[in-house]
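Number of protein chains: 2
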Amino acid sequence: MHGEMQTIDQLCVNTLRIMAADMAQRANSGHPGFPMGAAPMGYVLWQRHLLIDPSAPTWPDRDRFILSPGHGSPLQYSLMHIAGFEDVPIEALKAFRQWGSKTPGHPEFGLTAGVEATTGPLGQGAANAVGMAIAERMLAHRFNRPGHEIVDHHTYAIVSDGDMMEGVSAEAASLAGQLGLGKLICLYDANDVTLDGPTSLTFSVEDVGKRYEAYGWHVVFVADGNHDLEGLDRALSEARAETQRPSMIIVKTTIGYGSPNKQGSNASHGAPLGVEELALTKKNLGWDPSWHFHVPEAVRAHIGKGMQRGHEARVAWENRFRAYEKAYPELAEQWKLAWEGALPDDWDVDLPSFSPGEDQPTRNASGKALNAIASRVPWLVGGDADIGSSTQSQIKQGGSFDGVTGAGRNIHFGVREHAMTAIANGMAYHGAVRPLVSTFFTFVDYMRPSIRIAALAHLPILMVFSHDSLAVGEDGPTHQPVEQLASLRLMPNVIVLRPADPNETTEAWRWCMQYSDGPVALVTTRQKVPVIDRAKYAPACGLHRGAYILTDANAPADVVVIATGSEVSLALQAHEQLASEGIAVRVVSMPSWEIFQSQPSSYIEQVLPSDIPRVAVEAGVSFGWERWVKHRRALVTVDQYGSSAPGHVAMEKYGFHVHRVVAAIRQVIAEKKS
Amino acid sequence: MHGEMQTIDQLCVNTLRIMAADMAQRANSGHPGFPMGAAPMGYVLWQRHLLIDPSAPTWPDRDRFILSPGHGSPLQYSLMHIAGFEDVPIEALKAFRQWGSKTPGHPEFGLTAGVEATTGPLGQGAANAVGMAIAERMLAHRFNRPGHEIVDHHTYAIVSDGDMMEGVSAEAASLAGQLGLGKLICLYDANDVTLDGPTSLTFSVEDVGKRYEAYGWHVVFVADGNHDLEGLDRALSEARAETQRPSMIIVKTTIGYGSPNKQGSNASHGAPLGVEELALTKKNLGWDPSWHFHVPEAVRAHIGKGMQRGHEARVAWENRFRAYEKAYPELAEQWKLAWEGALPDDWDVDLPSFSPGEDQPTRNASGKALNAIASRVPWLVGGDADIGSSTQSQIKQGGSFDGVTGAGRNIHFGVREHAMTAIANGMAYHGAVRPLVSTFFTFVDYMRPSIRIAALAHLPILMVFSHDSLAVGEDGPTHQPVEQLASLRLMPNVIVLRPADPNETTEAWRWCMQYSDGPVALVTTRQKVPVIDRAKYAPACGLHRGAYILTDANAPADVVVIATGSEVSLALQAHEQLASEGIAVRVVSMPSWEIFQSQPSSYIEQVLPSDIPRVAVEAGVSFGWERWVKHRRALVTVDQYGSSAPGHVAMEKYGFHVHRVVAAIRQVIAEKKS
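Chains as they are written, first to last, in the numbering used here: chain R, 907 to 1580; chain F, 907 to 1580.
Just chain R, same shape as in the assembly:
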């Protein structure tokens, strides 16, 4: 069968297959097998169902598309190229996986207009899609009015065997079933091959369809995903017709389809086919082996028709939106604010301030600040991993999110920390909502793979972590964070805020709401902390510079004590105690290393003069603190896991008491003199 004798459908599919093989060959790197097998589903979805407009890649009501197995990126890039996305000219396909190209090995959100999510680490894309579908429902509920449906789109994800094995996709799928996200449609490329070999090694007993039915999904099968384009089309139509349950379309395909000697085997998974096999593949698929990066004009025209459908949908939407603006001008204004993430003028007028004596856990202060903001910032939405009542992260008047109607601003994620984070990423990708997620600080470890993607993709997810130290107490070492502060601080593009008292907590919220370049972790205490007397000490707005002088001695300081969070009050106690002895102790509250590091060097020198010795106090590991404090003896930290005991006992036993702080101060002063 030669190219010109193929049906237009076949021609389109084979163009995608061969383009993927050409790209990997040119790059001498990549994964041709997946796109060659998944080309039919990609083609049918894009040409017949997906409503997107390459000339307006961020049109708000477009359908969303995620390729969860990001290693299959040639499929997405080829579709984008043929569809006419400006960021993906043929040169970009030829520069696949090269420095500076817009076609990196795995799709990257923000780099290539039209790529909706950064994928690659498996499982997360499937969970991102759940987040997009949630955002769609939330916005539909908030903005749609009878006769004015300005939010009404689907989320489509292609997922792979590897995605189906990852726990994060399982967590997300269970929640999607719980919520009844009817406009979420996944196409599962079941090719039975992974990097190391056939899935019979790892994944052949499980009945994935039955599992998704158990989650409450609508499951459809396509037995021959290599050829049965009408079957794919029917399955997608059925999925769209199902509005009360998410749909999983299980499609049996052959990895590397078309490669005579490598199809159906892991030989086609993780490496180019090789020049000879590529030529044989081209012949086999009716291609001239001398054609490289070839897109027949008929293919462009045909896929273009699918895009025209999307274009028309966008134009129709814009007309609908104009009518909406007239009918509901205030809502239309809110719509714009939501998409910009813009704060209303009065957003912070209800923010609480706390007077000395109103001692309380910073988690409580955080809950009050959150609720003061949430009542005026409707695009802020909450969620937690089953412990919102404990982390104080629930929006009190918000109600529980309902996946069918879209009502409710608190998402009950269940005990599913990783999916919670990946879903929040999906909501952030979608836009017009800002997601808050919450759990105990020690469980941040479960979330880490998705925090990394949020940091990479500059997603402004808000993470509220309570129970932030050994002071958690009786729950013991599994629940007492010690290394988590450092573990987040060292991630590029993650901001960590650990406020010292209720007023710094308010300021932390104020800061968070004005920042949108990446994930932020707000870390709060379980235990009561004193409200620092701001008449006596510096105001809490110092938080906005990351670190600030909370109090100084009358004389030039003999020593600077840097502290964070609940340990700031220990530093103040030491300051008071030593003042009576004539030792001048400056206390610096340092709620955020990252913000402080971004200040001008003059400010940094002002707060931490180079020639004054320093002591640091934090109920966490010392790792990293040498950035601020030269001598390990000057670190009042804890380099081991904790123990089950009442919180104040645990803190005391591990050395977080004023005597140790005073001793460390005396030590550095003695060394300075000697």
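Rather than coming from a laboratory, the hints here were simulated on the basis of the structure.
Note that the list lumps identical chains together, so a pair holds whenever it fits in one copy or between two copies.
Listed below are the simulated EDC-like cross-link pairs for lysine to aspartate or glutamate, each with C-alpha atoms no more than 20 Å apart in a straight line:
id, residue 1, residue 2
1, K1536, E1511
2, K1232, D967
3, K1536, D1517
4, K1536, E1577
5, K1578, D1517
6, K1274, D1252
7, K1000, E1203
8, K1158, E1144
9, K1242, D1252
10, K1274, D1254
11, K1302, D1254
12, K1116, E1144
From a predicted model like this one, the values you see are computed outputs, not experimental measurements.
Fit chain F to the supplied structure of chain R, relying on the hints for placement.
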């Protein structure tokens, strides 16, 4: 119904219920609800099925028991106390959650003899159980001989709603189904309540039984887990009769059963009942409210009978083992070595050494070292998350693990990194096997919650991570680790090894095999690195001190360059280049911070003299490096995520080239002079 009128079964169950409530009340902290609901299943399992012997808590062929919802620890402690475990006298129950007690908030392996696993962070216990069941099969295959079944025990786990929501349990369950682990039996306490409220918020659509059937499990239901002790007994018998599939017994219970005003509600989940409600509960369950920490003698006697069954099983096993020792003295010797984790005399004779010119990725050298060891150390077993062929972590002659027969030394975990780690922990808890797990370094983030438990519980799991830096190249930032080295180094009790070349890789393996106090991460390159000429430079055995002088100048050093892994050869290039200019550069290879830090201070001073300025070179974040190098200008590191490009291009673009190292050296020398 008063105490003395209850059947002995009822009396036992109510003793456990009330003890849990008493413990939480005394501690003024804890989770009484779970143990009150799960007491019947705990009782029936321990009294009628579980084969353990409190007088020999570590008898090798005992059944294993895991309480995955560790917050339900009062149930386990109460059972252990009544059963007669020495570590849990009544005083220990009264000291629940107190400093220094053996009854911490969540069970801790190693602290309390008889506790088989550290649990608390949900989901992991369920996966640990899979690991224990795998270890049982492996040992059965290796050691059992016809008529000599010295390995034949069950693994029982109690799991909760929260465990069922966590992705790690889903990954592990899928693998357990794949492997057909017939001797794994889980009891799922389906009480429909979590910390925040009813599971209708988060977990009511999913049909858990159907999901486990989809995984290939044998599923049994007990509709009334509060009262139907015979039903629980029958279900356990059915589960034990099923030998080809793991069993999930789904038990409907009432959280806080017996508490008149709090049962069935989250009010009983996370806090003591309160004095009044506790008194009402006691009355309701036929107890005298004035009884505190009361165990009726009949209860001790009856549960003691169950323990007697276990004791007799142990005595029978010891007789069997004596016969085995006679029939198979060599195997019996191997058995002992395996339980001790002892190395045979000749264990390292095949370890490879590499000559200059045999340049290769350290992942390849690692694979060779592993295989050289594995052929002589039969208790070392391998496994990987679908990329063993790429990480070079497969035992070549080992075969694929078969969960029914127990044959095979390579576990194909599938794309399930978290479960892989939690399962490895389970294998390590079990004993007599040492598990190796492997994936790309960037995916260590998926594993982190279980690495933390391995560190806490001192489990000697071996983690082999390849693809260790930006040099991964084309796969792009999602696959290029930058912060992972630091993120592991900062975890207490985790050892990180990043060898510089093939010979250091051999030494790293030698070191790992002689260490057993916690998890070790061996981090290797994807790309080729030169074999360092050890005739010219110091021998690779320097690795055993964590850091060592690889080469010195003839003159006293002007500067010390510290490097790790693939960047050591950059440091050597800088050394050579500057030597020709008369600048004396000492190069220190520092494969392991943790090992180096444990050396005497005299050695540390010898390697890194205080008065010589230092430069550090590592293709990772700077965070933490200030421990060794004072000035940020002297850090040749990378504080951002990478980019998709060929590996050598990515390294070059982010500054890992000899010119930058030389420039940093010149800078610190200039500053020293000025």
